[in-house]
Structures are given as C-alpha cells and as structure tokens.
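2 protein chains.
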Amino acid sequence: MMDFSKLKPARDVAIVGIGSTEFGEHWNKSLRELAGEAGSKALHDAKIDPEEIQLLVGGNMSGGMFVGQEHGAGLFADYLGINPKPSMRTEAACASGSVAARVGFMAVASGMYDVVAVGGAEKMTDVSGETATSVLAGAMDQENEAFHGLTFPGVYAFLANRHMHEYGTTREQIAMIPVKNHKNGSLNPIAHFKNKITVADVLGSALVSDPLRLLDCSPISDGAASIIMVPAEKAKDYSDNPIYIRASAQASDSLTVHDRRDITTLDATVWAAKEAYQRSGLTPKDINFAEVHDCFSINELIAYEDLGFAKKGEGGKLIESGDVEIGGRIPINTSGGLKAKGHPVGATGIAQLYELVEQLRGEAGKRQVDNARYGLAHNVGGSGATVVVHILSNER
Amino acid sequence: MMDFSKLKPARDVAIVGIGSTEFGEHWNKSLRELAGEAGSKALHDAKIDPEEIQLLVGGNMSGGMFVGQEHGAGLFADYLGINPKPSMRTEAACASGSVAARVGFMAVASGMYDVVAVGGAEKMTDVSGETATSVLAGAMDQENEAFHGLTFPGVYAFLANRHMHEYGTTREQIAMIPVKNHKNGSLNPIAHFKNKITVADVLGSALVSDPLRLLDCSPISDGAASIIMVPAEKAKDYSDNPIYIRASAQASDSLTVHDRRDITTLDATVWAAKEAYQRSGLTPKDINFAEVHDCFSINELIAYEDLGFAKKGEGGKLIESGDVEIGGRIPINTSGGLKAKGHPVGATGIAQLYELVEQLRGEAGKRQVDNARYGLAHNVGGSGATVVVHILSNER
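Quick mapping for you: the protein sequence lines, in order, are chains A and B.
Okay, so the first sequence: first residue is 1 according to this note's numbering, each after it adds one.
Okay, so the second sequence: first residue is 1 according to this note's numbering, each after it adds one.
Hints were generated in silico from the structure; no laboratory data involved.
Be aware that one or more of the hints could be misleading.
Copies of the same chain look alike in the list, so a pair counts if it fits in one copy or across any two.
[As the list claims (entries may be wrong)] In silico DSSO-like cross-links for lysine-lysine, where the CA-CA straight-line distance does not exceed 30 Å:
#1 K234 x K274
#2 K6 x K47
#3 K234 x K6
#4 K236 x K311
#5 K274 x K29
#6 K183 x K41
#7 K6 x K236
Use the sequences and the hints to build the structure in full.
Spelled out as structure tokens, the structure:
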C-alpha cells in the first residue's frame with residue numbers, strides 16, 4: 001500500500017455544475033448530440049459560458065466500434081463551442097467516465113487549469129445487441145478471454161457462482177439488488193427504466209449465464225453526463241453550493257479473471273477504497289450513501305463487502321437488512337444504479353458523480369438521502385481490472 | 001488567448017527514462033508485447049522497478065478497431081507488472097501519445113503522483129490497408145466527412161493544393177521533405193524505413209490523392225514508446241541527465257476541415273505553439289531542433305510556418321534553404337519523422353519526445369544536433385482538430 005499522505009494534491013477541487021441527458025434508447029440523437037446536451041446543461045447549471053472552459057476531458061469507451069468515431073473529445077469540444085481550448089478523451093472500459101474525472105481533478109489540482117469540463121458519453125444502440133456484447137468484450141483480455149467466447153455476463157456468472165459457493169449467498173439475495181435499484185430508478189426522472197420489479201420477476205426472467213438472468217444485467221443504453229470542476233478556493237465564485245472532491249482514487253488488477261487471487265472479491269475495489277479512505281481521512285462508517293457499479297447484480301453485493309460496508313461474505317445479509325434502501329443506514333444506488341438508471345458505459349462514472357452532487361446539494365427529490373454529507377462513487381472497468389473510487393462532500 | 005502566466009504547474013516535471021521498440025511491421029508481436037517492450041526499456045533506462053511506478057498513462061488511438069482491444073492501458077499495466085497501481089488510456093487520434101504525456105505531466109505537477117510511466121502504442125498491421133484507412137478516418141468527423149468517403153490523404157491534399165495556390169509553393173519543395181526525412185531515418189536504428197529516396201522518387205511514386213503521392217504519406221506502422229516522469233526537484237535522484245518539460249501546451253480546432261478559417265494553416269498549431277512559448281518564456285528563435293507531425297509532407301511544411309520557424313507562405317523556401325537539415329540552423333525531424341521513422345499513431349507523440357530526449361542528452365549518434373538545448377515536439381490529431389506542443393530542455 002502506497003503512503004498517500006506524501007502525495008497530496010497541490011489544490012483541492014470542487015464541482016460547481018452538473019448536467020445529464022435522460023438515459024435510454026435515443027434513436028434520434030447522435031453521440032455528439034448526447035454529449036452536447038449534457039455539457040450544455042452543466043454549463044447552464046454552473047452559469048458559465050463555453051468560452052470560460054479551459055480544458056475538456058471526455059470519457060468514452062468505444063466510439064470507434066459503436067459509431068466509427070474516435071477523437072470523441074475533440075468532437076464534443078467542437079460541438080460545445082469550446083475550441084480553441086484543449087480536449088482529450090480518456091478510456092478505461094466502463095470506468096472511462098471516472099478516469100476522465102480523475103484527469104480533470106489532476107488538471108485543476110496541478111494549477112494548469114482553473115475551469116475544466118469533464119464528461120462521459122456513449123451511444124450504444126446504433127449496433128445490434130450481439131455486436132454490443134462483442135464491443136464490450138474489448139474491455140476484457142481480447143486474446144486470453146474474449147477470443148475464446150467469454151462474455152461479460154459469463155465473467156460475472158463465475159463471480160456469482162463462487163460467491164454463492166463460498167459464503168452461502170442465495171440467488172434470492174442477489175435478486176433483491178435489481179429490485180431495489182428499479183424501485184430507486186422509478187423515482188429518477190433520467191433513469192432508463194422507471195418500472196418496479198419483484199424478486200419473482202428477476203428469478204423468472206430469461207437465463208443469460210447461469211446463475212445470472214436478464215434482470216440481473218444492466219442494459220445497453222445511450223446517454224451522457226457532465227460536470228464542471230474548479231479549484232476549491234474559487235468554488236464560491238461559481239456556486240452557492242459547491243461540492244468538494246475529498247478523494248480521487250484508483251487501482252488496477254489483472255485484465256483476466258483467471259489471474260486473480262480470489263474471484264469473490266475485486267481486489268482493485270479494496271485497494272482503491274483504501275486509498276480513498278486514506279486520502280480523505282474517512283472510514284466506511286462515515287459514508288452516508290454510495291453509487292456502486294452494479295453492471296451485474298452480483299457486483300453490487302461484492303462491492304458492499306469490498307468497500308467496507310459489510311464484512312466479507314455478508315453482502316447478502318446487508319441487502320436483506322434493508323440498510324441499503326433509501327431511508328436505510330447507507331442507501332446504495334439511489335439513482336437506480338447501472339441496472340435501472342442505465343449504463344451508457346463511458347457516461348456511467350460521471351453519472352454516478354452527478355447523483356452524488358444532486359444528493360449532497362439536497363436536490364434529489366423523492367430519492368433524497370437525509371443528512372447527506374459524504375457520498376462515495378465506485379466505478380469498475382472490465383471485470384475489475386480498473387476500479388475508481390471518489391468521495392464527495394458538501395463540506396470542504 | 002488565455003493568460004497562462006496565472007496557470008502555472010505547481011511542480012516542474014522531468015523525464016528520467018525512455019524506451020522504444022523499433023517501428024515497422026511487427027507480424028510477430030501483439031499490442032501488449034510492443035507496449036511491454038517499450039515500457040521495460042524505459043524502466044531499464046531509468047533504472048527503476050515496475051513497483052516504483054505509481055501511475056501509468058497509455059496513449060492508443062484505436063485498439064478497439066485495430067485489434068478488438070479497448071482497456072489498453074489496463075492491459076499494458078498488467079503486462080508490465082504495474083498492478084495494483086492505476087492506469088488510464090488517453091486518446092486524441094494521432095495525438096493520443098502526446099495527450100498521454102500531458103496527463104502524466106499534470107499527474108506529477110499536481111503532487112498526486114511522483115513516478116509516472118507514460119506510453120504510446122499502436123498495432124496497425126493486423127488489418128488490411130483499406131481497413132486501416134477506414135479506422136484512421138475515425139479521427140475526422142465521421143458523420144460529416146468520413147461517411148461521405150473523405151480519407152486523410154484527401155484532407156491533406158486539400159491543404160497542399162490550397163497552399164500551392166496561395167503561396168506558390170511548388171510540388172518539388174513539398175517533395176524535399178520526405179527526402180530529408182528518409183535521409184534522417186537512414187541514421188536512426190529504430191526507424192521503419194532506413195532507405196534514402198530522391199525528389200524524383202517522390203514525384204514518380206503512385207498518386208494517392210492529387211497532388212500527394214505515396215512517398216508523401218507516412219506509413220502504417222506498429223510500434224510503442226515510453227517515458228518515465230518524476231518531479232523536477234527529484235530528477236537527479238533518478239538520472240544524471242534528466243530532461244525537463246519546459247512547456248506542455250495544447251489547442252483545438254474544428255474536427256471538420258470545412259469549418260476552418262483557413263486551410264493553409266493549422267490554427268490549433270499556432271495557438272498551441274503560442275501557449276508553449278508563453279509557458280516556457282521562449283521564442284521560435286530559441287528552439288534548436290524540432291520533431292513535427294509530417295503525417296503527410298505538406299503538413300511539415302505548414303508546421304514550419306505555424307510554429308514560427310518560417311514566415312507564412314515561406315515554408316517552401318525553408319526546406320530549400322537546407323536550414324532544416326541535420327547541421328542546419330534548425331534541424332527538423334532528425335528521427336526521420338512520421339514518414340521514415342514510422343507512424344504507429346498512438347505511439348507517435350511519445351516517440352517524438354523520445355527523440356527529443358536522445359538529442360538533449362547528446363545520445364543521438366549520427367543524428368546528433370550540435371549544442372542541443374531546447375527541443376520542440378509538435379503532434380497533430382486528425383487534420384488539426386487537436387495539436388499538442390511540448391518544449392523540452394536539458395536545463396531546468
């Protein structure tokens with residue numbers, strides 16, 4: 001474990017604007033239009049003009065394979081009217097958005113830029129479901145996994161089976177996670193799915209990769225989200241309710257699952273969380289609510305344990321306890337999560353921060369968490385090769 | 001024009017290690033093997049172990065479309081043994097490598113990381129030339145340019161024709177650029193092409209897009225390059241001859257050429273260069289040598305003017321004068337440039353910095369520039385939508 005006390009950012013960073021499209025199947029909007037809509041909303045929220053932006057960082061997993069468009073950040077900057085300011089795309093599979101946030105954070109912390117727009121966007125529905133599955137497999141080890149026919153539902157089915165075997169986690173406990181997330185999504189105006197579902201619905205849905213069924217799986221979505229970052233000391237110039245980034249942390253593990261120490265845990269989550277807690281001086285008990293990466297139901301359950309919200313093997317008990325519901329001890333995925341809010345992969349990391357900011361501002365409406373002070377976002381790339389953890393607070 | 005005097009990096013940054021594969025057609029090496037080879041060489045050059053690396057930033061334009069592999073930085077970090085340290089990929093088309101360098105620079109400048117590995121890699125020869133052309137077209141505006149059949153040779157042919165029309169630049173002057181670059185490449189052990197060519201060879205080569213011919217065009221190459229960055233104040237702990245990054249600058253223009261003010265200049269080059277000169281306190285006259293983005297011959301000629309090495313319209317005279325040859329007033333593309341050294345697109349920006357470091361260390365052998373003190377690297381994404389300019393020096 002590195003000693004992060006010697007690696008302090010030169011400046012603290014705050015978020016002073018947020019914007020998001022609705023997530024869903026946007027047949028009538030292109031990648032640039034989605035990014036432009038989210039970016040415009042964030043600029044409007046921060047009450048600034050495009051000319052004030054000094055750098056744009058755009059997370060996008062695979063504009064190349066989804067819509068034949070690389071150079072995505074350049075496209076977004078162009079469409080948003082940010083030229084001649086610089087732009088760059090970041091990519092770390094489904095953690096592409098969070099990695100963009102980390103670059104934005106470093107850009108402001110470094111002193112090189114004062115006003116940075118960070119976004120994430122993905123347009124996934126222009127290709128067939130089969131092609132999308134193949135594109136997403138580019139997030140795993142192509143030569144050692146994808147080439148041999150492994151898909152992401154298959155990878156996470158390994159994790160689910162092993163977790164059930166090791167810890168007695170039940171199929172019903174796992175099914176309670178999408179049920180909760182759909183309930184939360186029904187309260188979120190930008191969610192892809194706003195319908196409630198039951199445990200019976202999950203267990204009766206089509207088998208995708210045993211034991212995972214259709215309603216365990218996050219959908220293929222289109223969408224974009226954006227945030228505006230400035231130095232913390234200047235945040236009050238831009239916003240009456242700035243939200244401070246208390247930690248931006250990240251860790252890596254092998255791209256292939258077969259190289260892992262243990263597949264019932266994502267070690268990169270454990271490491272990134274430790275870094276985030278060390279950098280922020282907080283513990284899991286201090287966190288009031290979190291957005292976690294429920295690409296598949298089992299991954300939210302594992303995240304409870306790896307983030308320190310439950311002991312190892314007791315994720316199933318936590319979902320049963322009701323503590324992770326809105327109104328519970330530590331509400332998880334108040335937005336609806338990847339399952340119900342949707343999972344336009346490059347946008348997801350930023351969309352998580354969007355939800356944290358709404359909650360910390362007290363603007364989450366029917367989803368509002370009482371006394372929200374510290375929120376955590378957990379974003380996974382691949383099957384856990386990349387994990388980013390951010391901790392945000394409404395107190396500096 | 002922004003005032004960059006108020007946007008100073010909190011820490012200066014130095015390069016203490018470099019590594020590169022030979023550029024060429026590596027039928028027997030995969031993307032990860034190329035990146036691993038360059039990274040290992042940079043670690044060896046810096047005399048550090050992989051465990052000392054705290055962050056890896058990897059530039060790659062289109063692992064997705066070239067080899068079905070997104071999440072490239074995760075793959076490189078895994079293969080290099082850098083886990084559990086974080087990694088991220090950057091992309092800005094053919095400027096992906098330079099953008100990676102900018103993220104590495106900000107990571108160190110911010111104080112968040114002390115030892116950062118930055119790399120660039122591309123594996124382009126696993127697909128046909130036709131497919132590669134189509135993948136590269138993802139760097140332009142897919143919907144407004146590529147979809148209609150425009151390719152990069154076509155775009156740069158527009159620029160060449162217009163420059164010849166406006167300024168009387170001759171076909172022969174343009175041809176002198178690849179001739180010079182092949183001559184330099186013949187002295188570079190890692191160059192893709194080590195053969196010398198003549199103006200007659202260029203003018204007699206196959207027409208690609210009038211007036212550009214085959215020998216005006218940089219090749220499709222495989223390759224990777226890597227550099228190790230640390231804070232300038234710690235550089236002497238790692239290296240007897242650290243090289244300092246005096247400016248890291250970037251600007252953007254429209255993705256489409258039809259939206260440009262003037263196609264005989266890349267405005268983003270002009271802006272990025274102005275920023276680099278302002279951040280470093282230098283002028284074009286202070287620069288001793290440069291690596292510039294000769295993806296097509298005409299682009300090097302335009303870069304002479306846009307970077308301030310020649311007056312507007314006088315790039316043709318500069319190449320005729322001999323001043324840009326090794327031994328001349330301001331040698332350009334001593335490495336052989338993209339044309340002769342090769343252009344594995346994601347690697348190119350880092351490969352340019354590699355050449356600058358070799359020159360500034362005095363280790364460039366037969367290509368050595370006398371009294372090299374300030375070197376400039378100019379890396380273009382697309383047809384000039386993204387331009388990055390770095391200035392390096394062996395003096396802090």
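Hints and how they fare:
1. K234 x K274: both (29 Å within a copy, 27 Å between copies)
2. K6 x K47: between (36 Å within a copy, 22 Å between copies)
3. K234 x K6: Both. Shortest intra-copy (24 Å) and inter-copy (14 Å) distances satisfy the 30 Å Cα cut-off.
4. K236 x K311: This pair counts as neither: shortest intra-copy Cα distance 39 Å, inter-copy 46 Å.
5. K274 x K29: neither (40 Å within a copy, 37 Å between copies)
6. K183 x K41: Intra 26 Å, inter 53 Å, cutoff 30 Å: intra-copy only.
7. K6 x K236: For K6 and K236, the Cα distance is within 30 Å both inside one copy (28 Å) and across copies (19 Å).
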